[in-house]
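Protein sequence lines correspond, in order, to chains A and B. FYI, our numbering numbers position 370 of the first sequence as 370, with every residue one higher than the one before it. FYI, our numbering numbers position 143 of the second sequence as 143, with every residue one higher than the one before it.
No wet-lab data here; the hints were simulated from the structure. Note that the structure is predicted; figures quoted are calculated from it, not measured. Each residue gets a CB set at the ideal place from its N, CA and C atoms; glycine is no exception. Mixed in with the good hints there might be a few duds.
[Claimed, not checked] Keeping only pairs whose Cα atoms sit at most 30 Å apart, straight-line, the calculated DSSO-like set for lysine-lysine is:
1. A/130 x B/283
2. A/224 x B/224
3. A/125 x A/221
4. A/214 x A/130
5. B/169 x A/125
6. B/125 x A/130
[Said to hold, decoys possible] Stretch by stretch, here's where chain B covers chain A in the computed footprint (C-beta under 8 Å, at least three residues):
7. 117–128
8. 140–151
Protein chains: 2
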Amino acid sequence: MAGNAPDRTINLDHGDPTLYEHFWQEKGDRATIVIPGWQSMSYFSDLGNLCWFLEPEFAREVLRLHSIVGNAVTEDRHIVVGTGSTQLVQAALYALSPQDAQEPISVVSAAPYYSAYPALVDCLKSGIHKWAGDAAKFNKEGPFIELITSPNNPDGYNRGSAVNRTGGKLVHDLAYYWPQYAAISSPADHEIMLFTVSKSTGHAGMRIGWAFVKDREVARKMVKFIELSTIGVSKDSQLRAATVLKVVSDSCEHPGPASNQSLFDEVHNLMVARWRRLRGAVKQSALFTLPDFSPAFCRFRGQYFEPQPGSSSAAFAWLRCEEPLEDCQVFLRKYKILTRSGRQFGVGPQYVRISLLDRDENFNLFLERVSTMDLPQSAQPEERFGS
Amino acid sequence: MAGNAPDRTINLDHGDPTLYEHFWQEKGDRATIVIPGWQSMSYFSDLGNLCWFLEPEFAREVLRLHSIVGNAVTEDRHIVVGTGSTQLVQAALYALSPQDAQEPISVVSAAPYYSAYPALVDCLKSGIHKWAGDAAKFNKEGPFIELITSPNNPDGYNRGSAVNRTGGKLVHDLAYYWPQYAAISSPADHEIMLFTVSKSTGHAGMRIGWAFVKDREVARKMVKFIELSTIGVSKDSQLRAATVLKVVSDSCEHPGPASNQSLFDEVHNLMVARWRRLRGAVKQSALFTLPDFSPAFCRFRGQYFEPQPGSSSAAFAWLRCEEPLEDCQVFLRKYKILTRSGRQFGVGPQYVRISLLDRDENFNLFLERVSTMDLPQSAQPEERFGS
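Go ahead and model the full structure; you've got the sequences and the hints to work with.
This is the structure in structure tokens:
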């Protein structure tokens with residue numbers, strides 16, 4: 001990190017949610033947690049629960065927030081807590097993969113898919129599951145697991161299954177299905193649904209996610225996986241997550257004046273403003289395009305989410321560079337802007353994913369640079385064919 | 001948990017370190033951590049560090065405590081923090097397993113080995129490593145990884161490599177190499193050494209472990225594994241671990257009167273007293289035997305650790321039932337005592353592992369029952385041969 005020099009490198013590769021710091025700074029002591037040395041020493045949190053390492057206080061606040069937001073059906077589900085939703089994806093894969101099949105089950109996701117999926121599935125060269133790429137191109141016989149991120153990381157679109165047949169086991173990653181990023185059209189109702197504090201409250205450093213799981217046996221196997229891989233989940237972070245989720249729920253039920261909005265309103269407004277400025281800068285540069293979004297009714301707000309077609313509040317900008325530019329990541333790196341290449345999401349290098357969750361000073365500097373970008377000499381058509 | 005009824009079930013299956021609660025209750029506010037809502041929101045802890053999710057304050061306190069205790073060489077090592085040492089074992093396996101070998105590398109450990117190892121290695125049917133059982137019986141050609149727990153879980157003995165040849169890659173799990181359990185004979189000096197707060201300070205619920213790794217490339221791959229599997233390690237728990245490690249170090253450097261001993265002295269004295277009573281009860285029952293330990297000089301205390309041969313302060317009792325009893329776990333279960341069978345540690349059912357880290361009331365009740373045990377009718381030799 002090169003301090004605050006105007007020519008410093010801006011790292012927008014990761015979705016590091018430091019944008020949220022401002023909200024939490026304003027909350028003061030209400031969001032502070034105090035843990036005495038003798039507390040939470042045991043491995044166990046709730047011996048009577050299928051998920052024996054789930055802190056009851058955390059589970060209560062999870063249920064309360066979903067009930068306020070209306071983004072997920074939570075009745076008759078098992079809650080499984082994980083070390084971030086990353087661990088829960090792996091737990092779900094473990095639970096859904098047959099242990100005694102002839103060959104590993106195929107795992108697919110529609111491109112552009114979350115860049116971590118291929119390595120998550122294949123890092124140990126598992127004999128029970130295997131990454132099989134783009135769900136839209138999947139045409140193998142037999143069972144499969146489909147990972148569905150909705151709204152999608154990186155492009156922000158709402159998604160359903162993309163495989164052209166039934167018979168798949170579906171895992172829904174709903175990390176971005178919160179009112180600051182998307183219209184809450186109805187409570188999501190799927191077999192396995194994953195959420196995380198990283199993207200709902202901005203506490204990425206906690207490493208806390210949760211799953212709602214319909215089937216008891218699937219939930220039991222997910223718990224078994226987390227037991228094997230980390231013997232449960234940090235209690236300290238679960239307790240802290242309970243505290244911050246409570247503050248978010250309170251901020252919705254007792255919203256204050258403009259200076260004391262709910263987390264969803266404050267971050268939503270910030271995101272909409274960032275997107276408006278980003279669209280302006282991108283239009284001015286004429287080098288890139290951004291996805292368009294359709295207006296949608298948000299039941300949480302009781303209003304249309306996007307009165308102006310084309311505006312957005314998605315967590316990432318999925319930027320496409322236009323001809324003659326070919327590699328968007330390489331081009332932006334010349335301006336000391338680090339992004340994640342479309343190649344990592346299963347598409348071409350003309351795309352990059354840019355985090356819009358960074359602090360103001362980084363976002364502003366990024367926009368300044370985008371506004372003043374020119375086609376480099378080497379990317380001019382005549383130059384390219386001349387060398 | 002059936003409350004405090006005298007006939008309630010006593011669960012000594014897990015090594016749940018609730019014995020430590022008393023020490024931490026006495027420390028009061030010194031061991032309390034306060035985390036405001038805006039702190040530690042980012043994924044990143046230390047961008048300049050190979051282990052980018054390692055909290056610098058935690059790393060400092062780890063180094064300070066090892067320097068006081070003298071149980072590990074820490075110079076010129078990389079520190080990798082993990083979600084408990086369980087995650088670090090897997091990270092080490094990932095780092096040491098060739099990615100492009102013809103067949104998975106064999107992973108071994110001398111029986112009785114830590115009961116979680118086989119499932120840890122094989123749960124995903126990995127193509128890069130495979131559980132190959134008892135190190136002492138391993139006679140396959142080619143490379144291998146040996147997991148060495150010293151002092152050993154379950155039997156408390158000090159250990160070195162048990163494979164009858166060189167060429168192995170060794171992982172040393174030193175979770176119990178602390179002065180409350182064992183004589184610190186010299187600073188351990190190995191390629192990969194694992195430690196955990198669960199067994200050093202008693203904070204199992206934190207899920208925090210750390211590794212000292214000599215080789216930079218191995219450390220880099222371990223970090224990569226933790227990045228893939230959980231995108232780092234809870235910052236809240238790392239910060240809390242830093243706080244409690246500091247209190248432990250302070251308790252060593254500024255020990256108070258008997259009522260305010262260092263953690264190592266207090267827990268050591270408790271363990272020695274428990275072992276003395278356990279040996280008495282076991283001797284009285286004549287149904288079981290316990291391991292014997294040799295006296296050893298502890299450099300941390302500057303004195304012989306075991307002035308009375310046969311006494312001990314190990315975390316587990318590795319209990320063997322004698323003829324005509326055959327299945328120690330089944331026998332103890334009749335007295336509502338839950339233990340872990342020797343079968344899970346790669347040996348026979350005549351053994352069980354019993355946690356000695358539970359709260360006083362459970363340990364006392366356990367001893368009472370052991371003292372009054374009789375051979376059941378069905379286990380009498382005449383009965384067994386008659387049916």
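Hint check results:
1. The hinted pair formed by residue 130 of chain A and residue 283 of chain B fails the criterion: a straight-line CA distance of about 55 Å is larger than 30 Å.
2. Only pairs whose Cα atoms come within 30 Å are accepted, and residue 224 of chain A paired with residue 224 of chain B is accepted, the gap being roughly 23 Å.
3. For the given pair, residue 125 of chain A sits about 20 Å from residue 221 of chain A by alpha-carbon distance, which is consistent with the 30 Å threshold.
4. A C-alpha spacing of about 24 Å is found between residue 214 of chain A and residue 130 of chain A, which places the hinted pair at or below 30 Å, so the restraint holds.
5. In summary, the hint linking residue 169 of chain B to residue 125 of chain A is supported, as the alpha carbons are separated by about 20 Å, within the 30 Å threshold.
6. For a cut-off of 30 Å, the pair hint linking residue 125 of chain B to residue 130 of chain A stands: about 12 Å separates their Cα positions.
7. Taking a C-beta to C-beta cut-off of 8 Å, the stretch 117–128 of chain A contributes 8 residues in contact with chain B, enough for the three needed, and the coverage statement holds.
8. For the stretch 140–151 of chain A, the stated coverage by chain B is violated: 0 residues have a C-beta nearer than 8 Å to a C-beta of that chain, whereas at least 3 were required.
Comparing the model with each earlier hint shows violations of hints 1, 8; every other hint is respected.
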